[in-house]
Structures are given as structure tokens and as C-alpha cells.
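Q: Okay, here's what each chain looks like letter by letter:
There are 2 protein chains.
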Amino acid sequence: MHGLISKIETSAAQRDTLVAILVDTSSALPGCLSYVVAKDATDPNAIWVTEVWDSPASHRASLALPEVQQAIAKARPLIAGFGERFETEPVGGHGLVHS
Amino acid sequence: MHGLISKIETSAAQRDTLVAILVDTSSALPGCLSYVVAKDATDPNAIWVTEVWDSPASHRASLALPEVQQAIAKARPLIAGFGERFETEPVGGHGLVHS
Numbered sequence: 526m527h528g529l530i531s532k533i534e535t536s537a538a539q540r541d542t543l544v545a546i547l548v549d550t551s552s553a554l555p556g557c558l559s560y561v562v563a564k565d566a567t568d569p570n571a572i573w574v575t576e577v578w579d580s581p582a583s584h585r586a587s588l589a590l591p592e593v594q595q596a597i598a599k600a601r602p603l604i605a606g607f608g609e610r611f612e613t614e615p616v617g618g619h620g621l622v623h624s
Numbered sequence: 526m527h528g529l530i531s532k533i534e535t536s537a538a539q540r541d542t543l544v545a546i547l548v549d550t551s552s553a554l555p556g557c558l559s560y561v562v563a564k565d566a567t568d569p570n571a572i573w574v575t576e577v578w579d580s581p582a583s584h585r586a587s588l589a590l591p592e593v594q595q596a597i598a599k600a601r602p603l604i605a606g607f608g609e610r611f612e613t614e615p616v617g618g619h620g621l622v623h624s
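Just so you know, the protein sequences line up as chains A and B, in that order.
Residues in the first sequence are numbered consecutively from 526, following this note's numbering.
Residues in the second sequence are numbered consecutively from 526, following this note's numbering.
These are calculated hints, taken from the structure and not from any lab test.
Ideal Cβ positions, reconstructed from N, Cα and C, are used throughout, including at glycine.
A portion of the hints provided could be inaccurate.
Stated by the list, open to error - Going by beta-carbon spacing under 8 angstroms, a handful of chain B positions derived as facing chain A: (1) Val-544; (2) Val-577; (3) Glu-612; (4) His-619.
Let the hints inform the model, and build the full structure from the sequences given.
A: As C-alpha cells, this is what we get:
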């Protein structure tokens, strides 16, 4: 499995809009086992996305899907920057769901 | 919802054992919507745990469950320390499963 933990920086005023775009995009992408969108509990300008894919190839392929391209186009103007980014190899747990 | 992203430090020799303890413990805890255990892709001594709970109270309550107490007792000698820890408010996405 292939995992990513990423912090996205936006503005507090735009955070809910950006969160909604990311949540909408995350349903049922091929090879996506988990995609959780969260607000940072203390930083009003930060969003965390934690992703699990069955392979790096599935993640790369998702970026070319029309619905993901459209979401990226909508999200980009709301993104001020990127914070921490950790690449992982998920092993197991609870909530890994084949779409 | 209540989320945690935590880095646990161990030794490369003990990482698989610690990962297995954490994976075993994560199934079907009340109020746990997601609990993913992952190896850091570049640091052989690091594990990431990403958790989503329906509330902070459910998370706190889980720590008192006998099976979690037993897991903590087994895991503690394998833990060298803790790294980054981020508290989040998950909003939605894919893979949030009621246990």
C-alpha cells in the first residue's frame, strides 16, 4: 500500500470551501482505500489529508481522472501553500475500504 | 469527529513487531472510524498512526479497554519515543467506517 499525509495551507475564510471540494472528490476513486480530509485542530488556516492507495500507480492515475482534474482547478486558487508531507507504507488497521 | 496523526519511533529491528501489535488492536474499537498503521517510507525507525474517532470521549474511553491496556503493555518496551503529533477535526472523505 501507498500512503500520504499532507498539510495544505489556505485561509481561515476559505478553509470550509476547500475542505468541501476535497471531500467531494474523494469518493470511490479506483484503488483508493482511505482518503480523510480534516481541519487542523489549532491552526485555522490548515487542512490535513491522509490517503491510502493500493499502489503508487493508482494514486498517479487518479490525478489524471477528469473529476480530479476539475477538482484541482477549483481547489488551486484556494491553496496558499503546502506544509509537512510524509510518505508512508500502510500495513493495516481499520477503515481501509476498497472503492 | 476527532483525529490524530502521530509518529512513533522504534528501531528498524522491532518495527514490524510493533506495527503488528498496533494493527491487531485497531479492529472494532467503539467509536473508532479509522485507524491506519503505516511504516514511514524513508525512515526505517518510524511508524505513523492516523486515527479518526467519533469524539474525543470515545478515544479516551478506548485507552481504558482491557485489550488496549494489554496492547499498550506489549508495545511500550518497543517504543523509543514519539515524533510529530497533530490533532485534527476530520470532516469527511472515504474510509470512515463505524465499528
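Q: Determine for every hint whether it applies to the structure shown.
A: Going through the hints against the structure:
Against a cut-off of 8 angstroms between C-beta atoms, the interface hint on B:Val-544 holds, since the closest Cβ of chain A lies about 5 angstroms away. Evaluation of the B:Val-577 hint against chain A yields a held restraint, the C-beta minimum of about 6 angstroms falling below 8 angstroms. At about 4 angstroms, the closest approach between the beta carbon of B:Glu-612 and any beta carbon in chain A falls short of 8 angstroms, and the interface hint on this residue holds. For B:His-619, the interface hint holds, since its Cβ comes within 8 angstroms of a Cβ in chain A; the closest pair sits about 4 angstroms apart.
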